[in-house]
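Undergrad: Sequence:
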Amino acid sequence: MEIIEAHARTMVDNEKSNRRRLVEFKDGCRYGKFGRTKAYELISQDRIRAYKMGGKTMIDLDSVDEYHASLPRVEARVN
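For reference, each letter of the sequence shown is one residue, going 1 to 79 in the UniProt record's numbering.
Take these hints with a grain of salt, some might be off.
No more than 25 angstroms apart at the CA atoms, straight line, and that leaves these computed lysine to aspartate or glutamate pairs for DMTMM-like [unchecked claim]:
(1) Lys52 with Glu66
(2) Lys26 with Glu41
(3) Lys26 with Glu75
(4) Lys26 with Asp60
(5) Lys26 with Asp65
(6) Lys33 with Asp60
(7) Lys26 with Asp62
(8) Lys38 with Asp27
(9) Lys38 with Asp60
(10) Lys56 with Asp46
(11) Lys26 with Asp46
(12) Lys38 with Glu66
(13) Lys52 with Asp65
(14) Lys26 with Glu66
(15) Lys33 with Glu75
(16) Lys56 with Glu75
(17) Lys38 with Glu75
(18) Lys56 with Glu24
(19) Lys33 with Asp62
(20) Lys52 with Glu75
(21) Lys33 with Glu66
(22) Lys52 with Glu24
Quick list of the computed label-pair ranges, beta carbon to beta carbon [to be verified]:
(23) Asn79 with Lys33: 21 to 31 angstroms
(24) Gly54 with Val74: 36 to 46 angstroms
(25) Tyr40 with Arg77: 32 to 42 angstroms
(26) Lys56 with Asn79: 16 to 26 angstroms
(27) Val74 with Gln45: 20 to 30 angstroms
FYI, nobody ran anything at the bench for these hints, they're computed from the structure.
Think of the CB as a built atom: it goes at the ideal place given N, C-alpha and C, for glycine as much as any other residue.
Throw the hints in and build the complete structure from the sequences for me.
TA: This is the structure:
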């Protein structure tokens, strides 16, 4: 996980540049804490963005962050 985060930190900030934080599919799954099947499901639902670079599928880490931010918060149960 540290490798992915270190790689993401080395990328130019999106607000200052048009560069995207793209990582290979397996690394995007690891960063997002979901498996391949869930990743393809999220891509097909336009919840996260993916791009083809050569023959590889790359996942946009900013879209993974946006997906995580959109998840509902768990409410504490009062007994």
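Undergrad: Assuming the hint says 36 to 46 angstroms, is it satisfied by the Cβ distance from Gly54 to Val74 or not?
TA: Hint holds: Cβ distance 40 angstroms, inside 36 to 46 angstroms.
Undergrad: Would the hint linking Lys56 and Glu24 be met if the CA-CA limit is 25 angstroms?
TA: holds (7 angstroms)
Undergrad: Starting from Lys52, check that the Cα of Asp65 is at most 25 angstroms away, please.
TA: holds (20 angstroms)
Undergrad: With a cut-off of 25 angstroms on the C-alpha distance, tell me whether Lys38 and Glu66 pass.
TA: Judged against 25 angstroms, a Cα distance of about 16 angstroms means the pair holds.
Undergrad: Quickly compare the C-alpha distance for Lys33 and Asp62 to 25 angstroms and report which way the hint goes.
TA: holds (14 angstroms)
Undergrad: Falls inside 32 to 42 angstroms, the C-beta gap from Tyr40 to Arg77?
TA: For Arg77 against Tyr40, whose Cβ atoms are near 33 angstroms apart, the range 32 to 42 angstroms holds.
Undergrad: Holds or violated: are the alpha carbons of Lys56 and Asp46 at most 25 angstroms from each other?
TA: holds (19 angstroms)
Undergrad: Does Glu75 lie within 25 angstroms of Lys56 when you go C-alpha to C-alpha?
TA: Status violated; Cα separation ~39 angstroms.
Undergrad: Taken at face value, is the distance from the CA of Asp62 to the CA of Lys26 at most 25 angstroms?
TA: Holds, at about 16 angstroms.
Undergrad: Is Lys26 close enough to Glu66, meaning Cα to Cα at most 25 angstroms?
TA: The hint holds at about 18 angstroms.
Undergrad: Would you mind confirming whether the straight-line C-alpha gap from Lys52 to Glu66 stays at or under 25 angstroms?
TA: holds (20 angstroms)
Undergrad: Given the hint that Lys38 pairs with Asp60, test it: the Cα-Cα distance must not exceed 25 angstroms.
TA: holds (15 angstroms)
In summary, the numbered hints that this structure violates are 3, 16, 20, 26.
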